[in-house]
Amino acid sequence: MSKASALKTSRDEPVRRLHLPQKLRNLELFLLLIACFINASAVMLVQLGTLGELDPTLVLLGAGLSALVIGLHIVLRFVARDADPFILPIATVLNGIGIAMIYRIDIADNQGGWESAAVRQTVWSALAIFSAIVVLLVIRNHRVLFRYTYIAGLVGVLLLFLPLVPGLGKEISGARVWISFGNFGTFQPGEIAKIALAVFFAGYLVRNRDSLSMVGKKILGARFPRFRDLGPILVVWALSMSVIIFQRDLGTALLYFGLFLVMLYLATGRLSWVVLGMGLFLGGALIASQTLNYVNGRFTNWLDALNPEVYNADGGSFQLVQGLFGLAKGGLLGTGWGQGRPEITPVPQSDYIIASLGEELGLAGIFAILALYLLFVARGFRIGFAGQDDFGKLLSVGLAFVVALQCFIVIGGVTRVIPLTGLTTPFLAAGGSSLVANWIIAALLLRLSDTVRNQPRLVV
Amino acid sequence: MNRELKRVSIVVMLMFVALLSSTSVVQAFQADNLSADPRNTRTLYDSYQVERGAILVAGEPIAQSMPADDDYKFLRTYTNPELYAPITGYIPINGEPTGLEFALNAELTGTSNSQFFDKISALVTGQDPKGAAVEVTIDPIAQQAAWDALGDYTGSVVVTEPATGRILAMVSKPSFNPNLLTVHNNAEVTASYEALLADPNDPLIDRSINSLNPPGSVFKLVVSTAALESGKYTPESTFPNPTVYSPPGTTSKIQNSSNGTCGAGETVTLATALRLSCNIPFAELGVELGDTAIRQTAEKFGFNSDYSIPMNVAESVYPQGLDDPQTAQSAFGQYDVQVTPLQMAMVSGAIANGGVVMAPNLVQEILAPNLSAIQTFEPSEIGRVMSEKTAATLTGMMINDVQDGAASNARIDGVDVAGKTGTAQNGSTDPFTLWFTGFAPANDPQFAITVLIEDGGGMGQTGFGNLLAAPVAQKVLEAVLNK
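Listed in order, the protein sequences are those of chains A and B.
One point on numbering: in my numbering, the residue at position 264 of the first sequence is 264, and numbering is uninterrupted.
One point on numbering: in my numbering, the residue at position 423 of the second sequence is 423, and numbering is uninterrupted.
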């Protein structure tokens, strides 16, 4: 029905059909220029706020990055003319603000040159944007991914457990989620795994949704699945629990399980899955909080952060409370770039970058950043609403939801909505793997939005 | 699928609403509490970002903030640190400030309400905010003379201006170097602080305002005031003159310090009793007056109430509800009577000032960074404690005490000094507490002085007020009168 009407429109209004994509791309270019302007201003304000003068080296690096983003925009003009015009500018401005804050903390810590986190973040950003271009060029239609459902699942699980391989994995502040490339640096394969798993979940659920949604016993008004259909959810649950136990990473586990639950609900439309899943996860987390010291500590820090005993304890709430002090210092309007003291809080450029930004940009800045995330997620959901194939719908919502959930877990942890767990803030936080993963998500959403607006070419 | 998608959208929306709320709570509603948390080093660093105002003595800084190349931006530096330590106090990076640094913290950091408009204008003009400077009433010559005269004794010298209550000198010994406590290194500050705290001589205590000692015979000035003001006594009123006296209701014995009678004769006058500083006549007088009359007079002088100069001054005590034996003991400044040197300075200051007690004050002016006065302190009266006639009578008795009595070592050629010594017991074997309080010139009082020497001045129970405290007062008065 919708296919027919779209064809009809394109026949009736050939002029509009030709001009519309250009309009979208022009809007994107306009927003992109604003984003680059904001990013350049942020870096310059950091320099004025901390050094009292302008230093051209990082501005040059930023200009290179802007050129790369514009390059991505030009690629879109050729390979995805109908793509959503908001996704690229939002990703750009978040990435740029992140670099400015990382740079600001480098200056406070007297880090400079190629050793500094800001320069590394810039190089990683370039690599990430380049990956996004490659994804857009290689994947011309998202339905290709449907063919690789199980391979994606296998890759996801392998990536997830790569850090447990002896000699390759590396433990940083308790969590074993990194792999080491010697001097070159570390990589968090779990970040890429979330994309692979989103593809796998989407493909698997589209294939098996009928058996998961149609049959089952009715208990208390809700239809509960048959025991033999519990397989998938138990496997993902076991996967998440093993991440908690072996990798000691509560946040990642919550992220994957949450992603799976939401996609399962979308595919089956059955709330009983969500109830079952949340029960399983909460039960597991409860057992973990009783038996695993680090989980128990996270809960204590969350509930009783300001207690001096908890504050002074080894692995206590010192970081959490320092982050709160920073946010409090920022108040409504913030201290201004370079005028606060975010460097007092441990890891102010990665897990705690949102507290650093809250300190210097204030509640107003945090609201703006949250609004950008919400808009980004909303664009992804929009693709889900407008999409015509279930795989595309599931994938786009899954990818958008993973960004939303990650924001919630990190920012909610910093502001004591939930216990603090280590995850990166998408696009903002220092960390190469996270940047690459999120830019690939952005590229996939761009591709999906383009296919949604265009007629899907049948390749399956 | 779109129905489910709508529901998931609502969940996502709720997640973001939770984040918007939590950040609002932290950054808006809890911000003040979090900023006030003592563990919040950001607040501490901030207080150092402002160039803290200087503390000035006669226009010269005794405490000032020097630029420092670290997180704190300014290093608090004290000039002549030991001499002025009781006045300036210190502001450590890891604890509470003390002295004027504490009492006038808001003014020194520029955050007091009276500096509100300066803050606004600094915001508009883009100047770095700056704290106000504080000019104190201290006279550097008097302060130095008091420091030198007190020598190695543990004790205090307070010099005030009787007509205004301005504190001209306030020395406490042993003193300490506040510069050791302002270095920007937690461990060093803590080590210095622990060492000072462990020092048996308690250098951190400002004895002038925070050390309570039995006043001994200097309290006889208060009892004499009560007697003369009652209208029932004159300096010529007489009292029985035994060698031993037991107050009604007890068999415990009170003796004069000479262990004999108070001068020759069956009876002794009030004037003689004060001049020779005898205990028995005052014990008898005390019992006759009753504890209520004495306490009321003492309270008019400032006992049993606390006040600030603007540092808080320990409350000097004249206890409530004493029976006769206790009143007899209290009448010569023993039992549970406890005073600070500043309180005794207020007593002799009131006598010198014609009977009016002036509020003691250490701060002259608070000066904005452009040196205009934000606040000037005018002399203020606490109240009249005795008539001018009584004050004149007491002055005469105190002149005799120095000319021809127990305070003879305070004599100065060519100037009448009014004074009273005291030698107070602290239990049966502990060293005495030695006092001198008085003023000069007696006919036109410019300086009231109180000297406290703790720990018997190193002489255990053999030293006495006239031997050790009176000469200190004499040296200080000579120095300030000759300048």
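Because the hints were derived from the structure by calculation, they are not lab data.
The beta carbon of each residue, even a glycine, is placed where N, CA and C say it ideally should be.
Careful: at least some of the hints might be erroneous.
What the hints assert, rightly or not - Examples of chain A residues toward chain B, derived with CB under 7 Å:
hint, residue
1, ARG140
2, VAL165
3, LEU234
4, ALA238
5, VAL262
6, TYR265
7, LEU282
8, GLY284
9, PHE325
10, ARG341
11, ILE366
12, VAL377
13, PHE385
Here is how each hint holds up against the structure:
1. ARG140: Nearest chain B Cβ about 25 Å off; hint violated.
2. VAL165: violated, 34 Å
3. LEU234: Since the shortest Cβ distance to chain B is 22 Å, the answer is violated.
4. ALA238: violated, 24 Å
5. VAL262: holds, 6 Å
6. TYR265: holds, 6 Å
7. LEU282: violated, 16 Å
8. GLY284: Cβ of A:GLY284 sits 21 Å from chain B, so the hint is violated.
9. PHE325: holds, 5 Å
10. ARG341: Holds. Min distance 5 Å.
11. ILE366: holds, 5 Å
12. VAL377: holds, 6 Å
13. PHE385: This hint holds: A:PHE385 lies near chain B, its Cβ roughly 6 Å from the closest one there, short of 7 Å.
Figure legend: structure checked against the earlier numbered hints; hints not met, in rising order: 1, 2, 3, 4, 7, 8.
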